[in-house]
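*Asks:* Spelled out from the first residue to the last, the chains are:
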Amino acid sequence: MKVADLLETRRENWRELEQLCTLLEGPSRRKAPAPAIARFSVLYRTACADLALADAYQLPPSTVHYLHQLVGRAHNQLYRTRTFDMTTWLHELFVRVPRRLFGDNCLRLAFVVFWGVFLLSAITAYHSPEFAERVMGASMMGQLEENFSEPITGRRADIGGGMAGFYVYNNTGIGLRCFAFGLLFGIGGLYVTVFNAAAIGAAFGHMGTVPEPQHFFHFVTAHGPFELTAVVLSAAAGMRLGFSLVDTRGYTRTASLRRAADETMPTMGAAMVMFFLAALIEGFLSPSGAPYSLKAAVAVLSAGMLMFYFVILGYPREE
Amino acid sequence: MADQRGQLDTSIEIITPENIAFQYHVAGPFRRLPAYLIDLLIRAVILGVAAIGAALSFGLLGLGPMWWMGAILVFGFVLTWFYGGLFETYYNGQTPGKRLMQIRVVSTNGQPINGMQAVMRNVLRAIDAQPFYLSALVASMMNDRFQRLGDLACGTMVVIEERRWFEGLMRTGEPEAAKMAGLIPADFQPSRTLARALAIYVQRRRMFSWPRRLEIARHLGEPLREKFNLPPATNLDLLLCGLYHRTFITDRGEDEIREGSPFLEMQTT
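Chains as they are written, first to last, in the working numbering: chain A, 1 to 319; chain B, 1001 to 1269.
Okay, chain B solo, but in the shape it has when bound:
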């Protein structure tokens, strides 16, 4: 289901019960290692606090230091082997470290993990950690989802769950673009791939200098200019912006009405 052979990046497609396909990015070692180190630190702090707390309360109760040692050893055992498993079970697939690094454990089919998978993948960490987590590194490099051995055995993967803000539609910013849109024949319908290319171009053109913009716009702009019978001096960058304006923002004829509207002004950041 999620298997995309020949993928170039780290995206994994999930099909939900609603029959919607959406994409996750799987987390690689550079996100998971810091998460692990944070968890290690948290574990050490918890153990330290528990040791001090137990020492105080056991002292008050009049229990000897050996009781304290036994309790701390049992607590240390649970913390060592089940910290990850319990957190991932009751914290919806995340440990505090994973939450800070914005990653989450899910099943390979996109479903949430169950308690058994969570505990198992953390118990099998013992083998992944041999030697110096090299087993985990080698195993995760040999499959598309960066799964370590414990993940492979439990059918889990770690995905990135980043929060992105809704950016709204990119505006071209130049009033000339709207004018240019008026010069484009009314019957021209851009294909889906062309529309996508235009959107990406307009989103990124701000990062380029003018000569560079013209250089990039030329590949698409020249054939379009000939097709639309525009004069050779047409600014190709603006032509693409105009086409973008036409495709995404307004129809022909609406340009004059909407051009001066406060709504459009507000968006031209």
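Here chain A stands alone, though its shape is the one from the complex:
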């Protein structure tokens, strides 16, 4: 059979496959009738077979090009993206992530770096106001002092809502950025971590020297555990990503990076949950006039939850 005759016999099939592709790409995909979908898979297989035999049939290059794009287009409709499955995500978040983090050297390093720099910066700022001013900048220092010069009496709930939104936008964004910057061989993440730790430490140290330090500490107690843990977690996930490029464990650099990426995304999911919880507490409870004992109880409870998550859920055991 000559090519011309062959193309005549196939042309109808290909055109029908094109129409079915258009149907499946469109918004009415879910309403596509079952026979059409069955027909689609048959036509896809025949188009695949035609492409496989294109060389043997001596099809002209323009037809081969056409077949490549037709098969590619149909392939993308047959094999569609897998969406999130809630149960696997819960399993990932509450079973696999804590176990992975329990033995994660990057988390230990991020923990030591963050708290080390934090303490160092806090102690230095406590003793030297110039240091605090150089780290935070005079305007931010003045604003902090002004904000916490009065005792916390509570504010209207709508302001709390607005501020909670701001904390989600700002703090979670910082966490995600910290994670993404880790990709630069871990150095980017390390830089952001050190920078954050120094700034927060300086704020803590400096606010210890003002006439009435308890206002500030009343404010930060309740949301501190979730927020600071989430920052450390983002930094650790970023470092894991970056260090996978340095220590490849025998894989190629790209393959090593991909393995690390699979592991760290769920960790970032956990960090984001913590950022959200922290934002809610920071927006509503921390600035409220609730007694300090309540805020301290929330802090203890959230710290206990974190301990449970990292130590009890994370403790290595048989699957």
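Any given hint could turn out to be false.
If you want a taste of the chain A side facing chain B, the calculated C-beta under 7 angstroms gives, among others [to be verified]:
(1) Ala-38
(2) Tyr-66
(3) Arg-82
(4) Met-86
(5) Ala-164
(6) Gly-165
(7) Val-168
(8) Phe-185
Not close to chain B: a few residues of chain A, all C-beta gaps over 10 angstroms, as computed [stated by the list, open to error]:
(9) Leu-20
(10) Ser-28
(11) Pro-33
(12) Val-71
(13) Gly-72
(14) Thr-87
(15) Asn-105
(16) Phe-111
(17) Leu-120
(18) Ser-139
(19) Ile-159
(20) Tyr-169
(21) Gln-214
(22) Leu-301
Derived from the structure by calculation, the hints contain no laboratory data. Nothing here was measured: the structure is a model prediction, and the numbers come from that model. For each residue, glycine too, the CB sits at the ideal point set by N, CA and C.
We have chain A already, so just place chain B on it with the hints.
*Replies:* Relative to chain A, chain B alone:
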């Protein structure tokens, strides 16, 4: 699998579960940048509409402007970090901008991406965007698939998914070509590479002037003319067309039957 060392163009070969190899063209920065800009615009419009809508509905519900600000900030956060990831997950590897530019994100092995890859590659955009997307540009120039850092970490690539229309078989258009086909010995079987060269020649010859056609046809036509013992005055362009006619359209002997058929006339555009 898809790694073709020494490739000259941007095609990437994919092997499907049906064990068929087909080719994609990977999308370079000149397609991806407009797609990104379109998405940026869409994002801005969505945020604007949401802000106005929320302001109206919150006003009706009697909620204060701070509630509105909080809601918009949360919405803005989701839009900034997860617009791409969510669209690529639920829209089969495309965002509206990508759909307009006819590109799609797939895994490097040709499989569709999963939700995690989609979200991850868009979160890592933060590092690709530093400074002014130069990281992405440099990274994508250093591999064969134009992958930016986020793509490298997630094992994804962006491919072009253009719709082409089936053109049918090119007809030579000249009745002389069919006659010329009759002069070619019946036992001559063109090789696959020769057949492919003929197809490309016939497809493109219309774009050339007559002298240029003869100049190109000479390289293949002269050896063939000597092989077939044709007179020296033979038009080499027509000889190649005749051979094409013989290879792709009809066998010897069918020429007379089919030449006047309406089917052939219809195709000689």
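*Asks:* Taking the hints in turn, state whether each one holds.
*Replies:* Structure-based check of all given hints:
Because the closest C-beta pair between A/Ala-38 and chain B is about 16 angstroms apart, greater than 7 angstroms, the hint is violated. Because the beta carbon of A/Tyr-66 sits about 5 angstroms from the nearest beta carbon in chain B, less than 7 angstroms, this interface hint is met. Against a cut-off of 7 angstroms between C-beta atoms, the interface hint on A/Arg-82 holds, since the closest Cβ of chain B lies about 4 angstroms away. Hint on A/Met-86 is violated. Least Cβ distance to chain B is approximately 11 angstroms, over the 7 angstroms limit.
Because the beta carbon of A/Ala-164 sits about 6 angstroms from the nearest beta carbon in chain B, less than 7 angstroms, this interface hint is met. This hint holds: A/Gly-165 has a C-beta 3 angstroms from the nearest C-beta of chain B, less than the 7 angstroms allowed. Annotation: interface hint on A/Val-168 holds; nearest CB of chain B at approximately 5 angstroms, less than 7 angstroms. For A/Phe-185, the shortest C-beta to C-beta distance to chain B is roughly 11 angstroms, which exceeds 7 angstroms, and the interface hint is violated.
Once the 10 angstroms rule is applied to beta carbons, A/Leu-20 is consistent with being away from chain B; the minimum gap is 13 angstroms. Listed as a non-interface residue, A/Ser-28 keeps its Cβ farther than 10 angstroms from every Cβ of chain B; the least gap is roughly 15 angstroms. Every Cβ of chain B is farther than 10 angstroms from the Cβ of A/Pro-33; the closest lies at roughly 20 angstroms, confirming the non-interface assignment. Its beta-carbon lying about 5 angstroms from the closest one in chain B, A/Val-71 breaks the requirement of being farther than 10 angstroms from that chain.
A Cβ of chain B approaches the Cβ of A/Gly-72 within 10 angstroms, the least distance being about 6 angstroms, so the stated non-interface status is violated. With a least beta-carbon separation of about 14 angstroms from chain B, A/Thr-87 lies farther than 10 angstroms from that chain, consistent with its non-interface assignment. Under the 10 angstroms C-beta cut-off, the non-interface status given to A/Asn-105 relative to chain B holds; the minimum distance is some 20 angstroms. Non-interface status of A/Phe-111 relative to chain B is upheld: no Cβ of that chain comes within 10 angstroms, the nearest being about 22 angstroms off.
No Cβ of chain B comes within 10 angstroms of the Cβ of A/Leu-120; the nearest lies about 28 angstroms off, and the non-interface call holds. No beta-carbon of chain B is positioned within 10 angstroms of the beta-carbon of A/Ser-139; the least distance is around 23 angstroms. With a minimum CB-CB distance of about 5 angstroms to chain B, A/Ile-159 fails to clear the 10 angstroms threshold, and the non-interface call is violated. A beta-carbon of chain B comes within 10 angstroms of the beta-carbon of A/Tyr-169; the shortest separation is about 4 angstroms.
Every CB of chain B lies more than 10 angstroms from the CB of A/Gln-214, the least distance being 27 angstroms, so the non-interface label holds. For A/Leu-301, the non-interface assignment is confirmed: its Cβ lies about 24 angstroms from the closest Cβ of chain B, beyond the 10 angstroms cut-off.
Figure legend: structure checked against the earlier numbered hints; hints not met, in rising order: 1, 4, 8, 12, 13, 19, 20.
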